[in-house]
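A.B. asks: In case you want the letters, here they are:
There are 2 protein chains.
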Amino acid sequence: MLTVVSPEEVFEIIEKNFTKINDAEEVNLTDAVGRTLAEDIIANEYIPSFDRSAMDGYAVLASDTFGCSDSIPAILRLKGRIQMGECLELNVSSGSCYYVPTGGAIPSGADAVVMIEYTEDYGDGTIGILKPAAKGSNYVFKGDDVKPGQAIISKGKKLYSAEIGSLASLGISRVKVYRKPVVGIISTGDELVDITKTPLPGQVRNINSSTLISVALEAGALYKDYGIIEDDEDLIAKTLVKATDECDLVLMSGGSSAGDKDNAAKIIEGLGQLYFHGIAVKPGKPTMLGVVNGKAVFGIAGHPGGAYFISNVFVKALINKLSGQSESAAKRTAVLSEAVSSNHGRAQYIAVKLEQTDDKLIAHPIISKSGLITNLAGADAYIYIGRDCEGLAKGSLVEVTNVI
Amino acid sequence: MLTVVSPEEVFEIIEKNFTKINDAEEVNLTDAVGRTLAEDIIANEYIPSFDRSAMDGYAVLASDTFGCSDSIPAILRLKGRIQMGECLELNVSSGSCYYVPTGGAIPSGADAVVMIEYTEDYGDGTIGILKPAAKGSNYVFKGDDVKPGQAIISKGKKLYSAEIGSLASLGISRVKVYRKPVVGIISTGDELVDITKTPLPGQVRNINSSTLISVALEAGALYKDYGIIEDDEDLIAKTLVKATDECDLVLMSGGSSAGDKDNAAKIIEGLGQLYFHGIAVKPGKPTMLGVVNGKAVFGIAGHPGGAYFISNVFVKALINKLSGQSESAAKRTAVLSEAVSSNHGRAQYIAVKLEQTDDKLIAHPIISKSGLITNLAGADAYIYIGRDCEGLAKGSLVEVTNVI
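Those protein sequence lines, which keep their order, are chains A and B.
Per my numbering: the first sequence ends with 404, consecutive numbering throughout.
Per my numbering: the second sequence ends with 404, consecutive numbering throughout.
Because the hints were derived from the structure by calculation, they are not lab data.
A couple of the hints might just be wrong.
[Stated by the list, open to error] Label pairs and their in silico Cβ distance ranges:
| no. | chain 1 | residue 1 | chain 2 | residue 2 | range |
| --- | --- | --- | --- | --- | --- |
| 1 | B | MET115 | A | GLU269 | 19 to 29 Å |
| 2 | A | LYS16 | B | ASP358 | 14 to 24 Å |
| 3 | B | THR196 | A | SER94 | 35 to 45 Å |
| 4 | A | ASP359 | B | GLU230 | 48 to 58 Å |
| 5 | A | THR19 | B | ILE72 | 52 to 62 Å |
| 6 | B | ILE367 | A | ASP31 | 24 to 34 Å |
| 7 | B | ASP232 | A | THR19 | 46 to 56 Å |
[Unchecked claim] Subject to a maximum C-alpha distance of 25 Å in a straight line, what follows is the list of computed BS3-like cross-link-like pairs (lysine-lysine):
| no. | chain 1 | residue 1 | chain 2 | residue 2 |
| --- | --- | --- | --- | --- |
| 8 | A | LYS176 | B | LYS224 |
| 9 | B | LYS20 | A | LYS157 |
| 10 | B | LYS285 | B | LYS331 |
| 11 | A | LYS157 | A | LYS16 |
| 12 | A | LYS353 | B | LYS360 |
| 13 | B | LYS176 | A | LYS353 |
| 14 | B | LYS360 | A | LYS360 |
| 15 | A | LYS353 | A | LYS282 |
| 16 | B | LYS16 | B | LYS266 |
| 17 | A | LYS285 | B | LYS131 |
| 18 | A | LYS131 | B | LYS285 |
| 19 | B | LYS360 | A | LYS157 |
| 20 | B | LYS197 | A | LYS142 |
| 21 | A | LYS353 | B | LYS147 |
| 22 | B | LYS20 | A | LYS353 |
| 23 | A | LYS197 | B | LYS142 |
| 24 | A | LYS147 | B | LYS353 |
| 25 | B | LYS197 | A | LYS147 |
| 26 | B | LYS142 | A | LYS282 |
Keep in mind it's a predicted model, so treat the numbers as computed, not measured.
By construction, the Cβ of each residue, glycine as well, lies at the ideal position given by its N, Cα and C atoms.
Please put together the full structure from these sequences, using the hints given.
C.D. replies: Shown next as structure tokens:
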């Protein structure tokens, strides 16, 4: 018999029984885009490392500009022009100034920068300041952004352009990231033929390996494809042992409903432990999760539509857990374009196409009689309908979860 | 002088002046995950290719079950058990039935499947049917999902697990996708040193190349890094010509403000055409876009915080356009955790960290004095504040755009 759990219980079981893979590898900074950081990053220097100007303008003593105006400019002697990347032993004394470009080093003695827009170059070696400057104006002080010892990015953060740029600013060109989980994929079933073949009557193409590989890649994992294994208990068991040895997580598709020849549960229980056999959700009810050889094993029914939802919802959650990153898929609120009927006591996932109009996001449910996968092409997201929900009216507000 | 345009005008200029790269390449199906489809996919077969059962049960003539019940079962002779993958020349005649597993081929003659839960196996070669079945119940008809000639996925669709699974179901193992755009990245500035070096006073690390490479990768492009080029007009021009020759889009960082030595605009105008020089937005105002050698060239100011926003907002939009895919970043509504002051007539991007509580999404603005990039580590999204907005109060509803 199936030990059926709710979708919420599946997430709890994943959370409780699996931990992130702790192996780290060091990669070049820009190869770390989309990877998960495996070390805490602590600054060991000041950023910026010198006082610099926030504007193109003149470095001055603020006190020299007090009381000046368009009609009574403060006249200062131009001692020189600072070049970018230059940091000479220069000194601004009362009555003098230096030109400084945006980002340029401010010479010592100065305590303000006057924007070029509020100055006039008389062309005779003097500059007119037309507006008083407060002390520290247009100044970026050494260490304003970062000081040594400051925590910059924590272990477990997924790295994108902001983090990669920040690491570059700290001079970090190699970074430790968690190893990508390896997902093993096994398809079982005598009725399956390779997708390149035309199925004979009674046969179907092995769709799920392609779907499951896509899901692994979308979740940032690597994969190992064990192909189609015929419905032979010993052969499946042998392949499963090999896969749990070589991978961090194994997905076995097919053989998990209660019909003839469906012996995946028996195999997993024989080799390890089964946490549940059945999720109270449609499609994808005959899903099981267990552990063999210390590795998670998902048994996913052969039904391609069910495999699509189960892998996008639960397998991705487990890959995220193994990857050490807890960021979840983006959820948004949308308006349902047509009524969706209830499912009498079983929770349900329904794929939707999203359409953004000027003032709202519309979710168009994709209804498929057979629930096969072909009609799901173009799905942007899915909605979840709880078991106690009696259906949703057209125009209802629904929460949509992106599939990627 | 700068020809300043609004952010909306930038999107219009991108839309009007650039078209997608039309070169396609054929790749293996699972290598196409995240790529953009370059052909229309039309089905040339029926899916499913035979009438199949939606449940484990017995294939029967519906008329044989009329009027049956728990107390008065219809007794049918079991002619055999269909195996998965098997499609024999079998026939169900009145008074008989076949066992069929979920997905198994239904023998001819039958017109309904009774779920196993509503039957009883008497063990003597007869089966009791306990509930009447309507014609077509638990039946998936040949072609229910797809019929020959039906359009399945259109050119321009980004491919994820639903599409990859659908293509597998049609027997498509190789697929045409658009070539990934190649983004050339040039950093200019005498003050720049490689990120592996400790900057001397007045120098800064070349942060932007790392940020821009990340953005290119996040947008699904390839990149070519031309390194740091010193502030020499001829050398920059030569590098730009080479890069526009080898790439589909060139990002030149540094040298686009109005300060000393900033001659990017002159170089682009000398070699091609400049569409604008300045976007009325903060940070990143001194941004320019032009075309050289028939290729788009972005000039991006050296300021790392500005480069971060400009590349995430506008460069990604251009890469999407060149990639032939129009899906835009996910937008969500969040509650602002603290007040954000207005910026007196200039539109503004502010990075936010998102926090999902039980009942709402909270956006925490990341305020940085200098606007350098290090404080942006951990940014999940950004908010956009229009030029006419006088600031936002704590608790305001804001639209947040994901950065990845």
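A.B. asks: Of the numbered hints stated previously, which ones are contradicted by the structure, given in increasing order?
C.D. replies: Number 9 only.
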